[in-house]
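Line order of the protein sequences matches chains A, B and C. Going by my numbering, the letters in the first sequence line up with residues 1479 to 1607, in that order. Going by my numbering, the letters in the second sequence line up with residues 1122 to 1641, in that order. Going by my numbering, the letters in the third sequence line up with residues 98 to 551, in that order.
Bear in mind the hints are in silico, worked out from the structure with no lab data behind them. For each residue, glycine too, the CB sits at the ideal point set by N, CA and C.
Simulated restraints on C-beta separations: (1) Q1603(B) to P391(C): 29 to 37 Å; (2) A259(C) to E1520(B): 41 to 49 Å; (3) E1447(B) to G481(C): 12 to 20 Å; (4) D1168(B) to R461(C): 24 to 32 Å; (5) D1168(B) to A307(C): 34 to 42 Å.
Calculated cross-link-like contacts (lysine to aspartate or glutamate; reagent style EDC-like; alpha-carbon spacing at most 20 Å): (6) K1396(B) to D112(C); (7) K1584(B) to E108(C); (8) K1150(B) to D388(C); (9) K1183(B) to D310(C); (10) K1543(A) to E1522(A); (11) K1265(B) to E122(C).
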Amino acid sequence: MSRIPPDLTYTRSHEWLRSLPDGSVEIGISDHAQEQLGDLVFIELPQVGRRLAAGEACAVVESVKAASDIYAPIAGTVLATNEQLTQAPELVNRDPYGGGWLMRLKPAQAESHAALMSAQDYSAFAEEG
Amino acid sequence: MSPASASDPPPTQPAATAGAATRLPLREKLIFEYSRAGRGARSQWPDVPAGAPGVPAALRRKSRAALPEVSELDVVRHYTRLSQLNFSIDTHFYPLGSCTMKYNPKVCNAAALLPGFTGRHPLAPAELGQGFLACLYELQEMLKSITGMRGVALSPLAGAHGEFAGVAMIRAYHRARGDAERNEILVPQAAHGTNPATASMCGCVAREIAVGADGDVDLVALSAALGPRTAGIMLTNPSTLGVFERRITEVARLVHAAGGLLYYDGANLNALLGKVRPGDMGFDVMHVNLHKTFSTPHGGGGPGAGPVGVSERLLPYLPLPIVARESGANLRSQYRWLTEADLPHSIGRLAGFGGNAGVLLRAYVYMRLLGQAGMRRVAEYATLNANYLAARLQRIGYEAAYPQRRASHEFALTLRRQAQQLAVTAMDVAKRLLDLGFHAPTTYFPQLVSECLLIEPTETESKETLDAFAEAMARILEEAQQDPERLQRAPYSLPVRRLDDVRAARELDLAYRGAIDNAS
Amino acid sequence: MLALLGVRDIEALFDEIPASLRSGELAGIGPGLSEQQLMQLMRERAAADGAPLCFLGAGAYEHHIPAPVWSTITRGEFYSAYTPYQAEASQGTLQSIYEYQSMMVSLTGMQVSNASLYDGASAVAEACLMAVRANRRSQAARILWPRTLHPHYRQVALTTAAGQGLSFQSLDYDPVSGQCVLPQLAPDEDVTALVIAQPNFFGVLEDVNALTDWAHARGALVIAVVNPISLAVLSAPGQWGSRGADIVVGEGQPLGCPLSSGGPYFGFMTTRLQFVRQMPGRIAGRTLDLDGRPGFTLTLQAREQHIRRAKATSNICTNQGLLMMAGTLYLALMGPEGLERVAQACMARTEELVQALCRLPGVRAALSGARFHEAVLQLDRPAGPVLQALAARGILGGLDLGAQYPELGAALLVCATEMRSSEHIERYAQALGELLRAAPTPVPSGPIDRTVSA
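The following block holds chain A by itself, in its conformation from the complex (with noise of 0.2 Å):
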């Protein structure tokens, strides 16, 4: 059973998404994600400064049998990636929510998380997948 933390929220394309006090967002891939993927070999993050729409292709996570592209969940730009992933991918098999996180972001618009889903749902959404 994989772990679903209630304060985040969380795409269909299983990234989540956590607010930062200074109204920055923090993203990453769920541990439903991480799971499936498997042994994380390389982790291609995009540059800082980069500005991302909505769903857009911002970086690419690869396992031995998978290569899977990440989404930004909101608009936004890059503030900053997770250097330690590029020594070590496998953080994000072991803490996908805390040092595992990829990138942090500057919301396009303040308010834009509407359509993503909770933890419930996600919960539930992961589980019929």
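Position chains B and C relative to chain A; hints supplied.
Only chains B and C this time, still in chain A's reference frame:
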């Protein structure tokens, strides 16, 4: 295979096992580790005549390449020992679905390696190539007969290359008719990965359509997906699920009515050779895998060849070059290569020269060996062997993915029950088969079938081999029930155990960087 | 078997196929031949084409192939082996691939190699597509390439890249030296990659250091297209300019593959480690097995068609396995010194050939640049008929350049490898001399048109 280690019980496979080849237990070091400064196969080196011009200093190589300095015996021994670490058709049964690993007749190699063929320069004039070009021309003509297509081009260098040519021709056709909006290529969910990859390479969008529970393309889903953006559909028939697309005529009608064209992936032609022609099914363009259906050697990963065939409306777009025969000309120049001047709307050139000529010659020889009756027997016995093996395996207790359907030349098993109940996967069964002297079937393809084993025995295997394989599979099923962990850690008796894929991708070691004892 | 299936005959197994689709007799397929009949036919056909003396290169070169190359790789365990997806059963193939990759890395001075591509032409096409993926700074998908890049390579790249929005701009060559001329571009013009052919199609050596630095200064990647034998004596692309080339490709045929009418050959590709995930084709890597012992496996497969599908780096599903092995054995047998000697012998023989032919009135060397093992010669009359007459005398005199490079006038591309002896060269010179003397007055050649078309 090496003798089992002390912790393994002695294998009890029947003495007549068709698969187990005895070989020395080998660990073979790298060729670089044989290197000793000053050593070399001197009889292979040319004399350098006096007066060799120097290279300008700024362009000269500064330090020698780190190539090994070894004797000829070192090279022969090293690579011969490496060969003994391999499975191959010459040593093992390879029931690989979708690959058609049939026996490669040796005469095909002997003919293709005749000095007159191997020594010929690709740009030599056609007058000095009539023997060679005759073979290619006749190959084109035979492929037309077999496929029911009006034109054939031989230059695509592999199946995927042929696919590329096919989709590129479809796009060219639509563009020539002012229909540049058509950029969607439909592929069934079960399609081989090259199909959507090819669509992308041609600047198209791949759209997946559902396959029904009976294994055939879902006509409702197909109709919904068809429209003014449809360039075409890519299909294999029999499909990648190993079953014949029964409503193919209807599929063709629907696609054509929507303005699209049909592409036939020839990977499964072995099931229909001499009995059904893709052209008659309504396909407009196709490729043939010479290294599958026409038995050219797989070579450990290549070379292959993927000639394309087209219906009338796509003739102008065929890739160059193509061999033509002039009638009534003097015998010296009866065959010639067509060029851009002859085919101004060709999609262009795909290969540096005319294609994988050596592979084409092998396929030509194979076809001449078979003849008309032989080709029909290929499809008949490929189908018989697949159906027989499917029946035997189901009786042993394996679950077919489409038990209500006839197998074509291949069939899919699903190990989902074993995976759920015993945590034994298709991968585990595959690895254990290696211990028992058989190459594994295709695993995890098509992705539509859970824990899939796709099995294609081919027509060149005897009943005894099929029975031995079935017995090995029975033994594995037993082991799965009694000792699943044994399967999960197989194989045991090969030069290496299961390899750490994750480490291979995380800690990239893709080239030797150690010291080499050489003079550089 | 039929009893187990509960059917009366094999035909019943085809009952799912509509009767209307059954083809019946195939026109044009005769009865099967016996092996004896076939070999007789094939021997006749192979012999029909004679064995002319070859002074033709232009992308395919006749070299000595050591006997152990083909005797070893035609062993059934290599010849009839499948792609090494089941690594435990394919260590022979996989270790060979690793050794091949290692040798190519070293030869080209780069960091990683793939397991080979179809041929040199498609390798160039793939390199252009790869450069577009890899050059993040460039938006243009614009490739600059010289007219002196092999015409077939350019054609194949155009066919392959047409569907993916790449644009190609041709660069001219200096009519005196034969070297590539860099274009005048505005400082902010976006160039994705510059292709440098070394040697170029005319056999001329380019100033690769200046070209490489020019490209890098403009933010363009450098694609090196090289002859593998020449790398024994020419600087490795990884050493070009101040930073080295970014992607290196070429035709592997000279390494142990016979001419065989144009194929099968193999294309090689090497690159920087940072671009490894953008590189198409298979790659073998070394790792450890469950018992901690070293072994080899295909790796980075997530980029390939069978996993990534529509987003794969390419649709390629093969490497030229057997030919890659020929290349590997060739390099192992020749070693660094043997390879160097082959390169030097080729250069010497070509020099000898040029001297011998240019002694004939009506023949002159067209380009002044330093060369590897090919040269452009100009004649005082059209090249086509001369080559035809030579062919009738059993000599492949070279390639008529008139179709692709009309500005050169009556011009031939000639080549002499280590396979050509002084006697061979003398024979060519004599035959050509006779032809030139016997024929009527040569066509007067006006000033050669030096304006070059794109």
